[in-house]
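Trainee: Assemble chain R onto chain C, guided by the hints.
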Amino acid sequence: MLALLVVMLSLLVVIVLLAAPLYRSASEGQEERLDNRPEDQRVELEAQRVTKLNEIREAELDWRTGKLSEPDWKETDAKLRAEAAVILRELDAASAPKPA
Amino acid sequence: MAVVGRALLFIALVTAVWGLAATVVGVRLGRQSLIQSGSRAMPVLAALLIAAFAVLEVAFLGDDFSFTVVATHSSTTTPVLYKAAAAWSSQEGSLLLWAMLLTVWSTIALRVVRGRLLEVTPIATAVLFALAAVFTGMTVLLANPFQTLAQVPLEGTGLNPLLRHASMMIHPPALYSGYTLFSIPFAFAIGALVTRRLGSDWLQVTRRFALGAWLALGLGILLGARWSYTELGWGGYWAWDAVENAALLPWLLGTAYLHSATIQEKRGMLKVWNVSLVLGAGVLSILGTFLVRSGILSSIHAFVEPGAALRWTFVALIAVELAVSVVLVISRRKQLRSEHRLDSLLSREAFFLAQNVLLVALMLIVMWGTFFPLISEAITGTKTSVGPPWFDRYVGPLALVIVALMGIGPLVAWRRSSWSQLGRSLLWPLLFAAVVGALLIGLVPDVRDDLAALVLFVCAALVAGTVAQEFARGTRARMAMSNENFAVALGHLVQRNRRRYGGYTVHLGFALLLCGVAASSSFQRVSEIPLKQGQSIEDGGYRFTYAKPTVEVTSERVSLGAEVLVSKDGKRVGMIDTSKGYYPANMTATVGDAFSGETETDVGLRAGPWRDLWIAIEPNTSRILPIAEQIDRRFKNLTPEARAVGIVGVARAYLRNPPPATFRILVSPLVTWIWAGGIVIAIGGLIAIWPARSPARKPAREAEIAPKSA
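Order-wise, the sequence lines are chains C and R. If you're matching positions, the first sequence starts at 1 in my numbering and goes up one per residue. If you're matching positions, the second sequence starts at 1001 in my numbering and goes up one per residue.
Hints listed in this document are in silico derivations from the structure and should not be mistaken for laboratory results. Check each hint, because a few of them may be wrong.
To be verified - Now the in silico label distances, taken between C-beta atoms and shown as ranges:
1. C:P38 with R:S1338: 22 to 28 Å
2. R:K1334 with C:A20: 37 to 43 Å
3. C:P38 with R:A1468: 54 to 60 Å
We put the CB at the ideal spot given by N, CA and C, even for glycine.
Only chain C is shown next, with the shape it has when bound in the complex:
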C-alpha cells in the first residue's frame, strides 16, 4: 500500500513538473517562435572577447618569462589588440537594441 502511494506520488510530481511549462504556455495564449541566433551570436562574441583578452595577457607572460623577445611581443600584442578591437566593435553592434 505504502509502495503504491510512493509510486503514485512520484508519478504525480513528475507529471506536474513536466506539464507546467505547457500549461503556462497554453494559458498565456499563442506562443512566439523564438529566434535564438542573435543571442547566440552575442554569446559567441563574448566568448571570443574573453579568449582574446586572455591571449593578450598570455603573450605578455610569454615575454616576461623569456619565450618572446620584446620586439616580437610588441608586434604580437599590437596584432592581438587590433583583433580585440574588432571583436568589441562587433559585440557593440550585436548588443545594440534593434530599431523597432
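Mentor: Chain R alone, transformed into the frame defined by chain C:
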C-alpha cells in the same frame, strides 16, 4: 521495495523518452514551452534514477535477499562498505549507476549553460536524453536490478573476493563518471554540428566537463592499477588488459583534445580535428562501458555474462553514434574550415599539433592491440592476443617522444617563436636534465645497461626542469610587476593563469608517473620460490626469511599466510605479513570446503620512496586437506558450530606443521612515484578545472585593448 524500484525505473524511462520527444518536437516547431518541458525533464530524470539507486542501496545494506542482485552479490557477512559498493559490481547495478551519473552530470551541464548556446543546447539535451533513454531502457528491459526471487534464500553468495578492496568504493564510479562526463562535450559537439554553430563557445562551455571526464577517468585508471598491484597477486599494476585499455582509449583522446581545444579557442584552427576528438572520446566511452559489461574480450574484469540482447544494444548504440558523427562531420566540412593557418612551425600551436598526432597514434596502437583477438578471429578463425611485449614495443618509443615534447613545448611561445629565444629558454632545463642523466649513469649501475629507461629519466628531468623554470620565471615576473613577495606572487600567478600552471603541474605529475613506470618495469627484481619455515632467499640486496605461518578463521573466510622477516646487510628492515584468503561458496557445507572456493591474495607491501618490497604467498594445502577430508568422512552432517571447530582444528594443524609455501617476492624501484605522480596530476587537474573569474567587460572596456608599453 522492489515494486517501488521497478516503478521508479519505468517512470524514469518514460521521462527520458518524453524529454527526448519534447525537445526534438520543440526545436522542430520552435515551441519554447516544449523545449522548457524537455529541459525540466533532465533534473526530474536524475532525481528518479537517484531514488531508484537509493532503493537498490537500501536493499544491499539491509541484506534483502529477495532482490536477485543482492542474493548473488552480497551476504550478511560482507562488510558494510563492500555491501554499499556491491551494487555496482552487478551488471544491473552498474548500468543503473551509469544512467544515474549521466543524468546528474547532464543536469549540472544544462544548468551551467543556461542562457547561453540557445540553439545548440536543445539538440545537446536531446542527445543526452537519447543516451539516458537507452541506458534506462536497458535497466528496465534487459538488466533490471529490481528483479526478485520466488524463494528468498537465508544467505547470499557474497561479493567476489577480488572486489573486496578499498578501490572498489571509488574505482568503478570514477571510471563511469569519466565515461558519462565525456557524453557532455559529445552531445554539445553534435548540437554544434547540427545547428552549424561551430565557433569556440561550445568548446569553452564544455571544456570543464571534458577536463572533469579526463580527471575522473585518470583517477579511475590509476585506482584500478593500485587495485591490481595490491590485490591480484601478480605484482604488476598494468597488464594491457582489454578493460584497462578501454578506459585508456578515451583518456588519450581526451588528453589530445584538452590541448588542441585551446588552439581552436585562440586561433579558430583545428575545428575538424577538435570535433572529431570529442566525438571519438564520446564513442570510445560507450565502447569502454561495452567492453567492461560485455565480456567480448577476455579480461580479468569479465565478471558477468550479459546476454545477446544487451550486447546488441551496445553495438547498435555505438554504430549509431559513429554513423551520426561521421555524417555530421563530413556534411559540415565547409563550416569546419580553419580561420587561420599556422604562423610558424616553431610555435606552441605546432607543438600541440605534433603531440596531438602522437597521442592519437598511441590511441590507435592501443586500440589495434586491444581488438586484435577479435580481428584475428574474424580473419583466421582463431582468437590471438598480442600480449604486453607487443604494446611495450610500440607504446614505449611514442611515450618517450611525447615526454620530450612536454619538456620543450611549454618553452615555445604562441603564434611564433625564434630558435635563439627557444635556445635561451631551454638552457637551464637541458642542463638540469644532463646533470640528472650524468648522476644516474655514475651512481646507478643498472641504468647504464638500459638506454630506453635512461632516455626517459632524462626527458622526465627535462620536463621537471621546464616546469620549475616556468613557475620561477612567472613568479619573478609577477614580483617585479606587483611588488609581491614570492609566496603571494606565486599564488596570484597560478590563480590568474589556472589553465597554464595547472597544465604544467599535470606535466610534472606525468613525468613522475612515467619515471615510476620505467624504473619499476626495467629494474624490478622478481623471485618465485618455495620456502620452508626458517628458510631465506636473497634478492635485490634484501634477505627474506619465512619467519612463521599465520592463520585466521572468520565467519566469512579462512586465511593461510606467513610473516616474512626482511633484512638488509644483516640489519632488520621489518616484518611483512602476507596471506591468501579462501572464500567458500557455502560456509555451512563441509570442513574441506572452507579451504577451497574463491580466493583473494592479501599482498604484503612495504612501500618506500625509492623501492617497494612486495610479497604474495601461495600456501600449500596438501597436508591439511586430507585432515579436513578425514573429518568430513568421519562426521557427517556437522552443525555449523561443530564445523567451525573442525576448521579451527585443521588451521591449527597447519600452524603446527606448516608445509613449504611458495612466495612471489618483488623488489620494485620507484613504484611510489606512480601514485605520487597521480596525486600531482590530480592537483594540476583541479587547478585547471577551478573556475576563473572572466574579465569584466564594462569597467575595463577601453583599457582592455589600449596599447601597452613595456
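Trainee: So which of those numbered hints doesn't the model satisfy?
Mentor: Violated hint (a single one): 3; every other hint is consistent with the structure.
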